[in-house]
Amino acid sequence: QVQLQESGPGLVKPSETLSLTCTVSGDSISSSDWSWIRQPPGKGLEWVADLYSSGTTYYNPSLQSRVSISVDTSKNQLSLKLRSVTAAETAMYYCARWIGGPAGWFDPWGQGTLVTVSS
Amino acid sequence: EIVLTQSPATLSVSPGETATLSCRASLSVSTHLAWYQQKPGQAPRLLIFDTSSRASGVPARFSGSGSETDFTLTISSLQSEDFAVYYCQHYNNWPVYTFGQGTKLEIK
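Chains as they are written, first to last, in the numbering used here: chain Z, 556 to 674; chain H, 81 to 188.
Note that these hints are calculated values from the structure, not bench results. Do not rely on the hints blindly, as some may be mistaken.
A few chain H residues facing chain Z, derived, Cβ under 10 angstroms [as the list claims (entries may be wrong)]:
id: 1; residue: His112
id: 2; residue: Pro124
id: 3; residue: Arg125
id: 4; residue: Gln181
id: 5; residue: Gly182
C-beta: ideal position from N, C-alpha, C; glycine also.
Between the sequences and the hints, there should be enough to build the whole structure, so can you do that?
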């Protein structure tokens, strides 16, 4: 079955760039659609970005000017970059497969990687 | 932006009983609504999509209903493993999606 595993630095300084990777197994990253979702400690879920198999990307409007999502097909990996981070962006970051095209849902999810933004 | 409001914030129910969780949308989302379960320290897991379709491997005691702005997740014959936080999510305003703030289902 499809499995996703996020990885990242754990700690990022304010104003710097957060870079995360999601390694996918059991599915070709170029044949499905993928997403990033984040969750601050003790809080709810926030959709961050989508990357469709067509190469089209979509971003949460509140983050659009600072975020980018991409794939490395040779490694079957999804990546996320978020520039100029603040402490409020301390969160668990999840990658997930997006199912259903324009009207779909997230399934499955990776276990997540915790990113702390602090100096 | 469509806002999803879940109620109650916390629901206390005894094992074996039925839990009813609500999700209300600020605008119609048709039947474009999903439900997820999140246990402590774990990632969310898809339970229900398209309002009432169970995801693969989800027990039949989980059921979803509703349309437009009012949705319900019903869990019958609660098992110990069902106590968790539940989130609804809409996908009617592609490509922007939002989640509800969650309902914590706890053991009474």
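**Request:** Verify the interface restraint on arginine 125/H: the C-beta must sit less than 10 angstroms from at least one C-beta of chain Z.
**Result:** It holds, given that the least Cβ distance between arginine 125/H and chain Z is near 7 angstroms, below 10 angstroms.
**Message:** Interface hint check: histidine 112/H, Cβ to nearest Cβ on chain Z, cutoff 10 angstroms. Holds or violated?
**Reply:** holds (5 angstroms)
**Request:** Using 10 angstroms as the Cβ threshold, decide whether glycine 182/H counts as touching chain Z.
**Result:** holds (5 angstroms)
**Item:** Satisfaction of the proline 124/H interface hint, Cβ to chain Z closer than 10 angstroms
**Value:** holds (6 angstroms)
**Prompt:** Should the interface hint for glutamine 181/H be scored as holding, given a Cβ-Cβ cut-off of 10 angstroms against chain Z?
**Reply:** holds (5 angstroms)
In summary, this structure violates none of the numbered hints.
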